[in-house]
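Protein chains: 2
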Amino acid sequence: MLNQVRIVLVNTTHPGNVGGVARAMKNMGLSDLHLVNPQGYPSAEATARASGADDLLARARVHEDLDAALVGCQLVLGTSARQRTLRWPQHEPRQAAAELLAAARSGPVALLFGRERTGLTNEELDRCHALVNIPANPEYSSLNLAAAAQVLSYELRMTALEGRAAQASAAESGGELPAPHEDVERFYAHLEDTLRVLDFLDPDNPRHLMRRLRRLFGRVRLTINEVNILRGILAHAAKGRKDPAP
Amino acid sequence: MLNQVRIVLVNTTHPGNVGGVARAMKNMGLSDLHLVNPQGYPSAEATARASGADDLLARARVHEDLDAALVGCQLVLGTSARQRTLRWPQHEPRQAAAELLAAARSGPVALLFGRERTGLTNEELDRCHALVNIPANPEYSSLNLAAAAQVLSYELRMTALEGRAAQASAAESGGELPAPHEDVERFYAHLEDTLRVLDFLDPDNPRHLMRRLRRLFGRVRLTINEVNILRGILAHAAKGRKDPAP
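These protein sequence lines are chains A and B, in that order. So the first sequence is numbered by the UniProt record's numbering: it starts at 1 and just counts up by one. So the second sequence is numbered by the UniProt record's numbering: it starts at 1 and just counts up by one.
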């Protein structure tokens with residue numbers, strides 16, 4: 001569905017920014033770049049900043065007016081740095097990404113970026129169903145064009161991936177198998193014995209320390225390998241020590 | 001809370017990228033930039049790319065080593081483009097932002113960005129509690145440094161604005177204060193010494209075991225009290241043992 005999202009740069013002033021946008025798009029799996037009246041383009045600077053995304057630049061389509069770039073699109077969103085009179089609905093990037101990808105199921109959609117200094121004209125905004133606003137620092141709100149494209153492309157990719165992103169976080173322990181309850185309990189028993197042998201555990205109040213240590217290791221969700229390492233350390237620590245007389 | 005998030009650039013090669021990161025940070029309301037051994041910095045190119053964020057560059061602190069940049073930090077996350085063999089816990093940017101801001105309630109936290117070509121070394125990753133991975137296009141996954149900083153800064157701002165900084169980890173440690181970076185490093189040094197004294201550490205390959213143990217305790221985010229307990233155990237374990245002859 002990311003292939004259905006058309007990124008349209010309108011009248012870009014600095015060709016380097018076109019390259020930066022191409023790189024940001026390719027990094028996030030987008031591929032369909034359209035340029036409306038780009039200034040000083042094509043240029044070596046655009047290619048240099050595109051880095052490994054020059055294939056995407058080479059396939060970019062150049063148009064003489066915005067309407068030509070929007071042919072076939074059913075949903076058009078325009079990025080806007082500032083609040084305007086409430087003529088257009090405003091979305092945050094995440095909501096915009098969800099709307100674009102929902103619409104992209106049935107055909108191409110477009111996301112417009114205006115000129116570096118002045119953005120999109122009212123006539124261009126008239127082509128948009130809604131505006132997208134990156135909620136930047138009000139005291140310094142103007143993002144570089146490539147940076148704004150990076151944020152929106154990132155949200156589009158995250159939205160596309162979201163279905164399978166949910167499962168991803170399970171891999172926290174690096175793919176190792178978590179230790180089953182009974183192994184962890186044996187580790188705690190071994191730890192308690194060893195602390196007694198080391199004369200560290202207060203025999204009058206053993207539970208307090210063990211509870212604290214359980215709380216510590218309980219937060220980790222130990223793996224099988226980690227339990228083995230920790231028990232190896234305990235065995236070495238106790239070696240040659242005698243259990244104190246009761 | 002965004003003021004508590006330290007952005008740490010390690011050994012950046014192109015000073016222009018330092019400026020690009022400063023601009024991305026200021027756009028998103030971040031302000032605390034730290035540079036570890038930046039190449040060719042300060043430079044006119046950094047200032048030019050910072051655009052209106054030169055105040056943030058002027059306040060940036062330059063350090064000679066990473067530990068100096070992390071003093072006082074309770075949570076350290078490292079950005080990483082690729083999967084590693086001995087894996088650290090991996091977060092997506094949104095989850096990372098929630099964890100950083102949750103921890104930032106009680107003090108400074110850090111987000112590390114490595115060198116443009118080679119990222120962070122394993123020794124630098126050892127300082128991290130977890131890694132952050134921007135889920136990029138697998139066929140073209142390397143983001144420009146300023147673009148990666150833009151994505152993470154954006155997620156931090158969105159999280160801050162949404163007020164959904166995870167309650168997660170604050171409650172996990174039972175309201176106790178987390179140990180700062182330098183205390184945890186002293187614990188690791190003590191642990192390594194003790195394991196050597198106990199003859200548990202393989203002197204031919206000390207790093208492998210220590211990296212595994214760092215990964216284990218890194219997931220816990222030790223509190224100050226817990227570090228004290230663990231070091232008390234280490235002291236008892238080493239008592240009466242002699243350092244083996246080299």
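Calculated from the structure, these hints are not laboratory results. Just so it is clear, CB atoms sit at the ideal spot from N, CA and C, and this is done for glycine as well. Treat each hint with caution, since some may be false.
[Unchecked claim] If you want the ones that stay clear, here's a sample from chain A, every Cβ over 12 Å from chain B, calculated:
#, residue
1, 1
2, 20
3, 42
4, 49
5, 55
6, 94
7, 103
8, 124
9, 141
10, 144
11, 146
12, 149
13, 154
14, 176
15, 212
[As the list claims (entries may be wrong)] Below, simulated SDA-like cross-link-like pairs (lysine to any residue); rule was C-alpha separation at most 25 Å, straight line:
#, chain 1, residue 1, chain 2, residue 2
16, B, 239, A, 203
17, B, 239, B, 219
18, B, 239, A, 206
19, A, 239, A, 219
20, B, 239, A, 235
A quick look at each hint next to the structure:
With a closest Cβ-Cβ approach of about 14 Å to chain B, residue 1 of chain A is found to remain outside the 12 Å limit, as its non-interface label requires. With a least CB separation of 8 Å from chain B, residue 20 of chain A falls inside the 12 Å interface cut-off, contrary to its annotation. Distance to chain B confirms residue 42 of chain A as a non-interface residue, since its nearest Cβ pair spans about 20 Å, more than 12 Å. Distance check on residue 49 of chain A: its Cβ comes as close as 9 Å (rounded) to a Cβ of chain B, failing to clear the 12 Å threshold; non-interface status is violated.
Residue-level check failed: residue 55 of chain A sits 9 Å from the nearest beta carbon of chain B, not beyond 12 Å. Against the 12 Å criterion, residue 94 of chain A falls within the reach of chain B, whose nearest CB is about 8 Å from its own CB. Even its closest Cβ contact with chain B, about 22 Å, leaves residue 103 of chain A beyond 12 Å, as expected for a residue assigned away from the interface. Distance check for residue 124 of chain A against chain B: the nearest CB is about 23 Å away, which clears 12 Å, and the non-interface claim stands.
Under the 12 Å C-beta cut-off, the non-interface status given to residue 141 of chain A relative to chain B is violated; the minimum distance is some 7 Å. A cut-off of 12 Å between C-beta atoms contradicts the statement that residue 144 of chain A is not in contact with chain B; the least separation is 6 Å. Its closest Cβ contact with chain B, about 7 Å, brings residue 146 of chain A to no more than 12 Å, contrary to its assignment away from the interface. Listed as a non-interface residue, residue 149 of chain A fails to keep its Cβ farther than 12 Å from every Cβ of chain B; the least gap is roughly 9 Å.
Residue 154 of chain A, annotated as away from the interface, has a beta carbon of chain B within 12 Å; the closest lies near 5 Å. The claim that residue 176 of chain A lies off the interface is violated: its Cβ sits roughly 9 Å from the closest Cβ of chain B, which falls inside the 12 Å cut-off. Its closest Cβ contact with chain B, about 6 Å, brings residue 212 of chain A to no more than 12 Å, contrary to its assignment away from the interface. The suggested pairing of residue 239 of chain B with residue 203 of chain A holds, with an alpha-carbon distance near 19 Å, which does not exceed 25 Å.
Only pairs whose Cα atoms come within 25 Å are accepted, and residue 239 of chain B paired with residue 219 of chain B is rejected, the gap being roughly 28 Å. For the hint linking residue 239 of chain B to residue 206 of chain A, the alpha-carbon distance of about 21 Å falls within 25 Å, and the restraint holds. Taken as a hint, the residue 239 of chain A and residue 219 of chain A pair is broken in the structure, with Cα atoms around 29 Å apart against an allowance of 25 Å. Restraint check for residue 239 of chain B and residue 235 of chain A: satisfied, since their Cα atoms lie roughly 15 Å apart, inside the 25 Å limit.
Consistency note: the structure conflicts with the earlier hints numbered 2, 4, 5, 6, 9, 10, 11, 12, 13, 14, 15, 17, 19.
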